[in-house]
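Top to bottom, those sequences are chains D and F. Residue numbering for the first sequence follows our numbering, starting at 1 and increasing by one per position. Residue numbering for the second sequence follows our numbering, starting at 1 and increasing by one per position.
Calculated from the structure, these hints are not laboratory results. For clarity, every value in this text was computed on a predicted model and none was experimentally measured. It cannot be assumed that every hint is accurate.
Pairs count within a copy or across copies, as identical chains cannot be separated in the list.
Stated by the list, open to error - Below, a list of computed lysine to any residue pairs in the SDA-like style, where the Cα atoms sit at most 20 Å apart:
(1) Lys198 to Asp110
(2) Lys198 to Ala239
(3) Lys198 to Arg109
(4) Lys198 to Gly111
(5) Lys198 to Arg58
(6) Lys198 to Gly113
(7) Lys198 to Arg269
(8) Lys198 to Pro115
(9) Lys198 to Thr242
(10) Lys198 to Ala238
(11) Lys198 to Arg12
(12) Lys198 to Glu187
(13) Lys198 to Met241
(14) Lys198 to Met64
(15) Lys198 to Ala188
(16) Lys198 to Gly89
(17) Lys198 to Arg271
(18) Lys198 to Glu245
(19) Lys198 to Thr212
There are 2 protein chains.
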Amino acid sequence: MIGVDWGTSSFRAWRFGAGGEVRAEVRAERGILRVAAGGFAAVLAEEVGPWLAAGESRVLLSGMVGSRQGWVEAPYLACPAGAEEIAAGLVAVPFAGAECRLVPGLAARDGQGVPEVMRGEETQILGALAGSGPEALFCLPGSHAKWARVADGRITGFSTFMTGEVFAALRSGTILGRMMGEGADDEAAFARGVARAKDPGGLLHHLFGVRTLGLMEGLEGAASAAYLSGLLIGHELAAVMTGAEEIFVVGAPAIAARYATAIGLAGGRARRIGETAGAAGLALIARRIGWI
Amino acid sequence: MIGVDWGTSSFRAWRFGAGGEVRAEVRAERGILRVAAGGFAAVLAEEVGPWLAAGESRVLLSGMVGSRQGWVEAPYLACPAGAEEIAAGLVAVPFAGAECRLVPGLAARDGQGVPEVMRGEETQILGALAGSGPEALFCLPGSHAKWARVADGRITGFSTFMTGEVFAALRSGTILGRMMGEGADDEAAFARGVARAKDPGGLLHHLFGVRTLGLMEGLEGAASAAYLSGLLIGHELAAVMTGAEEIFVVGAPAIAARYATAIGLAGGRARRIGETAGAAGLALIARRIGWI
Chain D
1 MIGVDWGTSS FRAWRFGAGG EVRAEVRAER GILRVAAGGF AAVLAEEVGP WLAAGESRVL
61 LSGMVGSRQG WVEAPYLACP AGAEEIAAGL VAVPFAGAEC RLVPGLAARD GQGVPEVMRG
121 EETQILGALA GSGPEALFCL PGSHAKWARV ADGRITGFST FMTGEVFAAL RSGTILGRMM
181 GEGADDEAAF ARGVARAKDP GGLLHHLFGV RTLGLMEGLE GAASAAYLSG LLIGHELAAV
241 MTGAEEIFVV GAPAIAARYA TAIGLAGGRA RRIGETAGAA GLALIARRIG WI
Chain F
1 MIGVDWGTSS FRAWRFGAGG EVRAEVRAER GILRVAAGGF AAVLAEEVGP WLAAGESRVL
61 LSGMVGSRQG WVEAPYLACP AGAEEIAAGL VAVPFAGAEC RLVPGLAARD GQGVPEVMRG
121 EETQILGALA GSGPEALFCL PGSHAKWARV ADGRITGFST FMTGEVFAAL RSGTILGRMM
181 GEGADDEAAF ARGVARAKDP GGLLHHLFGV RTLGLMEGLE GAASAAYLSG LLIGHELAAV
241 MTGAEEIFVV GAPAIAARYA TAIGLAGGRA RRIGETAGAA GLALIARRIG WI
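Please model the complete structure; the sequences and the hints are all you need to start from.
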């Protein structure tokens, strides 16, 4: 079978063997925002066509492809939900080339009743459970970073933080970006930003310090960007962490390493789980419905 | 004499009578970012030329015109500073048309030693003291909102919040803006945002709620923008307010009214002081040096 993680900005597909092992992978910069309405079937056929021609007949999709802006809208499942509920909630997608189904996203509410949604991360979390065990706290960094708690193999609730997107908007759309060069690799400045998040004054005040530290103390270029990154991630951690917890970080190497560093600085214990979680989750769901 | 508040985006000049009363006013969208290097004298001569021709011979400038990107850089004065220190720190500006001096900005450090700077607001605060008395807490909303404490007529310290600029960057540069129409006038949504700021989870989490409330509960258009505005101002207030304080709000009517509403919702007592504070501050400094 074929599994696809089809997000806002990227497309990633795997061909699985009979035992659920990955036999081949395709990546493309063809996220759903770059696909014209009505164009999803053609893009899928193009990207995984060779595998279909070689005999594959089943495709499982996860991610924003199941959103209102995607191919077919899959209703959100309510938390708590695990592999069983998700497998039971798959949505059929009309596709001439193969039997095609879509993984539903999850919905929850935070402690004050404000809605939460995810699409794609639920699949990665299922895939990561093999490495974490059935009780765990997960962090999935990104434009919209997700923090999810799993109990007895089910996602019981989660919170989203707009950390990545806010970083990009502040860098490109405010005076702070004028002092920043390319890159954000400066470990000392990053750590300083993480520490700053614990000070009183709040994020909106701390942001102005990015500018004054540049003006008055020469914190510029990559150091300024690293400081801002640390500041934002530090504020995210301050809102989530309650002590020396073990946190499983699921994500691409560079950003996962940055979060692991910040979690350590904040007194937690970060465990990284590689990028294969998305593929593992698709295989796990496929196994539930007898496709593997 | 002539007083000028010359900021990043706008130019505002007043002609004062012998008693310090405003006799005439000029406004122009000619902030320092629109003035080419070396072009400040020409712009000033053009905007206040008729008053110079009518016999005025002294010009007092305040605001970002004294910054590194301005006409002449005036060093920051350290807090605490009041009318006496500021009048003693005026910087001469070479200008063929009149005797011309520049009000220095102020510098401070927050409780953790991070630098703070202001240019122009110190003049407005001096001008507002006539309405507040010599001990007061001031709020000056804007792109970079300033909160300043005054004791015995001197500014003892201040904090900056990037509230206005962050609002604009989130609206124009993130997914949140896609659900917002023009305007941000929805009192109920604004109040809901102010209240939300008190919930746990932090600003980066609360921001994602702007999106989910739009997706799941129809909070869109002007209501979404008003909610975001309330959320940001609410976070600013949560970092500054310690209880039922009296707060003097200095600023243009629309934004000052919005802050006054939020301060009331947060349990404080807002007192508004009109937009004439900038002119009053320039007159007060001019009086110190015998120009009035």
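How the hints compare with the structure:
In this homomeric assembly, Lys198 and Asp110 come within 20 Å of each other (Cα to Cα) only across copies, at 14 Å, whereas the closest approach inside a single copy is 23 Å. Proximity of Lys198 to Ala239 under the C-alpha cut-off of 20 Å is found in both arrangements, the shortest distances being 10 Å within a copy and 13 Å between copies. In the homo-oligomer, the alpha carbons of Lys198 and Arg109 lie at most 20 Å apart only across protomers (17 Å), although the nearest pairing inside one protomer, at 26 Å, exceeds that limit. With identical chains, the CA atoms of Lys198 and Gly111 are at most 20 Å apart between copies only, with a shortest distance of 13 Å across copies and 23 Å within one.
Within a single copy, Lys198 and Arg58 get their C-alpha atoms no closer than 50 Å, and across copies no closer than 48 Å, so neither meets the 20 Å cut-off. Taking identical chains as interchangeable, the C-alpha atoms of Lys198 and Gly113 lie at most 20 Å apart only when they sit on different chains, with a minimum of 14 Å there against 26 Å within one chain. In this assembly of identical chains, the alpha carbons of Lys198 and Arg269 lie at most 20 Å apart only when taken from the same copy (18 Å versus 29 Å across copies). Taking the shortest Cα distances, Lys198 and Pro115 sit within 20 Å of each other only across copies (17 Å), while inside one copy they are farther apart (27 Å).
In the homo-oligomer, the alpha carbons of Lys198 and Thr242 lie at most 20 Å apart both inside one protomer (13 Å) and across protomers (18 Å), since each shortest distance falls under that limit. In this homomeric assembly, Lys198 and Ala238 come within 20 Å of each other (Cα to Cα) both inside a single copy, at 7 Å, and across copies, at 15 Å. For a Cα distance limit of 20 Å, the shortest separation of Lys198 from Arg12 qualifies neither inside one copy, at 38 Å, nor across copies, at 40 Å. Taking CA atoms no more than 20 Å apart as the test, Lys198 paired with Glu187 passes inside one copy only; the shortest distance there is 18 Å, against 33 Å between copies.
Both within a single protomer and between protomers do Lys198 and Met241 lie at most 20 Å apart by alpha-carbon distance, with minima of 12 Å and 18 Å respectively. In the homo-oligomer, the alpha carbons of Lys198 and Met64 never lie at most 20 Å apart, since the shortest distance is 34 Å inside one protomer and 31 Å across protomers. In the homo-oligomer, the alpha carbons of Lys198 and Ala188 lie at most 20 Å apart inside one protomer (16 Å), although the nearest pairing across protomers, at 32 Å, exceeds that limit. In the homo-oligomer, the alpha carbons of Lys198 and Gly89 never lie at most 20 Å apart, since the shortest distance is 42 Å inside one protomer and 36 Å across protomers.
With identical chains, the CA atoms of Lys198 and Arg271 are never at most 20 Å apart, being 23 Å at best within one copy and 32 Å at best between copies. For the homomeric pair Lys198 and Glu245, the shortest alpha-carbon distance inside one copy (17 Å) is at most 20 Å, but the shortest distance between copies (25 Å) is not. Taking identical chains as interchangeable, the C-alpha atoms of Lys198 and Thr212 lie at most 20 Å apart only when both belong to the same chain, with a minimum of 18 Å there against 28 Å between chains.
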